[in-house]
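Asks: This is what each chain is made of:
Number of protein chains: 4
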Amino acid sequence: MTGLTWGMIGGGEGSQIGPVHRISAALDGLFTMTAGALDIEPEKGRDFARRLGIAPDRAYGDWREMLAGERDRPDRIDLVTVATPNATHYEITKAFLEAGINVLCEKPMTVTVEEAEDIAATARRTGAICAVNYGYTGYPLVRHMRAMVARGDLGKVRLAVVEFSHGFHADAADADNPRMRWRYDPALAGLSGQFADCGIHALHMASFVCGENARELSSDFVSAIASRKLEDDAMVNVRMDGGTTVRLWTSSVAVGSFHGLNIRVFGEKGGLRWAQQWPDQLHWTPLNGRTEVIERGSADSPEAARATRIATGHSEGMLVAFANIYADLAEVIRARGAGRAPDPIACHYPTAVDGLRSITAIRAAVDSAARSGAWTDARPPSLRAG
Amino acid sequence: MTGLTWGMIGGGEGSQIGPVHRISAALDGLFTMTAGALDIEPEKGRDFARRLGIAPDRAYGDWREMLAGERDRPDRIDLVTVATPNATHYEITKAFLEAGINVLCEKPMTVTVEEAEDIAATARRTGAICAVNYGYTGYPLVRHMRAMVARGDLGKVRLAVVEFSHGFHADAADADNPRMRWRYDPALAGLSGQFADCGIHALHMASFVCGENARELSSDFVSAIASRKLEDDAMVNVRMDGGTTVRLWTSSVAVGSFHGLNIRVFGEKGGLRWAQQWPDQLHWTPLNGRTEVIERGSADSPEAARATRIATGHSEGMLVAFANIYADLAEVIRARGAGRAPDPIACHYPTAVDGLRSITAIRAAVDSAARSGAWTDARPPSLRAG
Amino acid sequence: MTGLTWGMIGGGEGSQIGPVHRISAALDGLFTMTAGALDIEPEKGRDFARRLGIAPDRAYGDWREMLAGERDRPDRIDLVTVATPNATHYEITKAFLEAGINVLCEKPMTVTVEEAEDIAATARRTGAICAVNYGYTGYPLVRHMRAMVARGDLGKVRLAVVEFSHGFHADAADADNPRMRWRYDPALAGLSGQFADCGIHALHMASFVCGENARELSSDFVSAIASRKLEDDAMVNVRMDGGTTVRLWTSSVAVGSFHGLNIRVFGEKGGLRWAQQWPDQLHWTPLNGRTEVIERGSADSPEAARATRIATGHSEGMLVAFANIYADLAEVIRARGAGRAPDPIACHYPTAVDGLRSITAIRAAVDSAARSGAWTDARPPSLRAG
Amino acid sequence: MTGLTWGMIGGGEGSQIGPVHRISAALDGLFTMTAGALDIEPEKGRDFARRLGIAPDRAYGDWREMLAGERDRPDRIDLVTVATPNATHYEITKAFLEAGINVLCEKPMTVTVEEAEDIAATARRTGAICAVNYGYTGYPLVRHMRAMVARGDLGKVRLAVVEFSHGFHADAADADNPRMRWRYDPALAGLSGQFADCGIHALHMASFVCGENARELSSDFVSAIASRKLEDDAMVNVRMDGGTTVRLWTSSVAVGSFHGLNIRVFGEKGGLRWAQQWPDQLHWTPLNGRTEVIERGSADSPEAARATRIATGHSEGMLVAFANIYADLAEVIRARGAGRAPDPIACHYPTAVDGLRSITAIRAAVDSAARSGAWTDARPPSLRAG
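As they're listed, the protein sequences go chains L, P, B and Z.
First residue of the first sequence: 1, per my numbering; consecutive thereafter.
First residue of the second sequence: 1, per my numbering; consecutive thereafter.
First residue of the third sequence: 1, per my numbering; consecutive thereafter.
First residue of the fourth sequence: 1, per my numbering; consecutive thereafter.
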């Protein structure tokens, strides 16, 4: 297998998400980092890129320069990851898609529903891959849950109870710290605080596992720290288009939770339970039966097997989950290059349509909260026909 | 200490709740069972009572006979537990209170808000003790949570996230089994199914721990098994009168949960986490600190110390929690007998006012669900002034 | 059912074990406490007994007075619990057995092997019941483990890995505190410290579950706190007479353990795991299969069913486990009174023979440790034929 | 930072350990794989190497060819990983060290103590780095335990209780499967089965954390599956040179364990508990205090901070732990290249001396087991002076 080439926009020195992407992309040796515009300050970005081993002529000062430099190279990058501030995702992603370059965009894909519709349409029109980094669905046992639901182990799903909670923003005395304040400031974060930041991951996971999409929702937003304009705690009830009810709680003031991304799924024939903090075990209870512990590595689906690298009993962790998104993209890119169909189980990465659905759900949750929890349509305008 | 005398109505042979009360009342040797009307069939009840060691003249055929028999005895029972079908609680409890006999009533205290107001008023007027068996608050570590909140360890409480879920009613093929069907039949269960059956315990626990009461709420009810007229799954958001938000989920179709009564409380200065299935450990995370495990037996409050019998590391369990309600009642009854003030930390058992608040909250949740989650006043009419 | 009568020697006001026995005996209403010699100081003991509701003429000053008073009464006690200091167990137990009164003796049954042989022979000769309080085997799920082994679920058992560890004696600065010092003083505690105090419970549990007895053992004793003459930490390897190897670790300096009594059993066809701190769940892994969680209350053996009182999902705890020993004894006493065979699954309480085996194992472990871990016969002299 | 170059011997297509090394070495982008002799069949190895992106002239047929090819290149590899069958480790490692090429050798470093002494001496003499892959000590929280012990948080350590158990070899019907049979065949596995395979990791971890080395030991070996010539279960008691007692259990027939590598450390001032299956939490109990949960990412030592990549609450896993060994080696190699002292906290990787101590401990455990557990010197001959 010859390596694919990969570039990154954003994720400069000192950023949190930058190394996560670089490790995840490198982990299986599928992608080699060959281009980058890593920093808001051009010279810092070029310098950092060179130190990461990128050739000087592909260490760009900004994304426009990078687009210009890559677009017409015969060996242009196979994939670009967009990890810039949220408000810039739309413009950059759209530009690369228009150039026919595959994109993995950090979430949120855009700020507005209209932009999201545009990205989804652009991806459809250009044929370029547009993936969005709801990376937690890369965990082998999350994929196994989806497979179990899809093959009918649970029967019809009735309920999914999901949570994404942490307490990292609970300190009122630290609320003005710029590191966290921006997340609750509409000017910088957009319409929603904690729901857009974390809760949406939980909703995407529920959709992913259940194979259903949000139809309407009712939300309750709270700013536990009163100075915050946006919510730091939210409860959202969702009716999915397949009939499942999702109960979603998210909080950033839940002292004692640490990235507590949990999902429970209850169907006619059994229930599932999984938590991101201990991702290597999945609990499955068949109806009227005993809870069983499914260890990563012994999960009996091709989806889980494909996403797993090491033996049962060792822990794999989040970087491997994110690497699975990259591995999926590598397979699809290669298949296109070879003019063959990709492995179908590599096609479960989140796409522009998932990004669009997520933005629409955020918009709906904000509107519902403003109207005392009134039930609100959560479907993208372009997808309301169904 | 001379023993107190105790009687029971309902809880006949084969009932689930009967032995729980008998064990709990006997556990500390504080009460001796001396009277009973245990069964809907008089002769069966008398026979069973005699076999339990009750003197033949106090083995009654029904509650009216028992009231008549006990009311004027000089050695009449110190306390009667009412564990009959829900619809009869009001009449029986009221009659015994009017006779000046102390009552521990199983939940729900009554069916309607009006009846509940009447019981609360009757208890106030007669001076007889009227307790209601929200017994889960008898756990030492639940009492310790309340003490921690009261003494300010958490600062102002912001959120309580509570849950009472199980999957015992998840089997659609068994939904017509009379053992469970009645709970979802308005004719037998009243206004609400799972919320009234289990969820209300979680709300009472949140109130107990936070020291606040429900002011208004918004609810979403689902019948996951479509044939059910009443809900088997509910989500309720509550604003408490002290400003805390409660997020409450309850379900009887959550396959893999087994009496999952859990509470998490998040305040300005820290968070607490406790689960009924492992009641001997409480998790406490101070703001910006590490999670600590508080073992029952080493909790540093007089409330916890009073409620604890055996050394740290052994498990105590639910019967001991319920026994704490009886122990509290014994102390209060004795104090009255001796003309002294009771130990103040023995006064945390749930009362007729708690029963009234619970019935009102159920009524409000039913109304809110019927109006698509509209926010609804959850305060008893008689307590809306404050 | 008419109640049985019960007396107690030792367990006076302020003792730890006294209330455990009183609660356990009372819990099911099977025994009524009707006689007692509760304290080393006669008047204190008489006073305390009267306050516990014992009739004045049966509130005795010491055990000899109690034996004299009870022996010839037509309504003499059905059972006496001996909870006095260890060195007195032999004399008291022997005297009551000789009088034909059934005894439940706290562990250790005696100090020496010779005394233990004598008690076992006396019980055999007189026909009186002699039980020894290895009460942890009263847990429903421990009984279920035994049943699973006995019915062949595990196939031939290969290994049992057991542990009884705590850290309550880890503080060197507190080592001279009389409350703990006596346990490591040969003059007061006998031959062994932590192994005799706690470890022996773990060995008894392994025997109970596996249905095998110790044949020989090799031990390593350590006094982690150097001033102690007896061990505060011990590792013992045991070959059982059925071929199973037991690996037993016990410690009183294991800071962070709290009565950590754990057992794992590994057989040809599966493995079991149970911990006293969370006694309501048993983990079972069939060979080449998934770990399953067996909840107390849904364990499918008559042994577990008999020992269980409340529904799955609630916790029962140690007092209920100990109550099961009393419930067994009640059944056997009643059966004898009625001239019928007792329910066979009520016959799993630990007997004088278990007491004898335990004392012999302690003796062997002490000898082995003194000889650098040399393998040592652990069988009682009277039982070496097999 | 310019990348270092790395080669691998063994770890061909289909091997388990090969991808673990390739991912771990690549994870931080510190090493680029530039040479390899990956398979016992030269052509398969060359082909696989080329497919992994290695230049054809450095895709070697065997290790001798690789040594010849690399030894005199100006751009020869900075590090070679030896992941061949155990019996070949000595010869290969020695040859590369003699050429001055740094080696990371899979465990066991050699088969005999004499060979291990030779490797340790060769590394000392040549100055080349010789690391041995006891990779589990790369976990951030294992390093934090070591730091806590070193800085005195526990006071004097008294005991370490360690375990490495699994049940993957428990099926007697599958015992002749070549995949597992070789591990219990002296001709292929050497002197010891499960202790050498897994147990020695636990001993190394105890040494690493406590900062002490084995002085003498007593062992009990069992072949639970009788046809095995070597042990599949072992208990080893160890006295460390600093006075700590280690209690080590290892098993491959422990059905229900899955790579259960656990360590508990008990000192004068507190206790620690960690398990490989949930590597992101460390439990710390100060003497007379409450158990605290130390989350990876918030552990307050530079050792833990250096070894951690992502935020608290996400899981990192084994590949990251192994990557830490590579990161340490990269730092030391670079420091040597730059003529500066390496970061001292990068010097905790296991060395040839650790490899030597491990081989000696295995030898001692085998001898002790053969002599009924007699205490046996566990120090390498060259290190007995102390």
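Note that these hints are calculated values from the structure, not bench results.
Hints may be right or wrong, so weigh each one.
Same chains, same label: a pair holds when it works inside one copy or across any pair of copies.
As the list claims (entries may be wrong) - Pairs of lysine-lysine residues, derived as DSS-like cross-links and limited to a Cα-Cα distance of at most 25 Å, are as follows: (1) K44 with K269; (2) K269 with K156; (3) K156 with K94; (4) K229 with K269; (5) K156 with K44; (6) K44 with K229.
Asks: So which of the earlier hints does this model not fit?
Replies: 1, 3, 5 and 6
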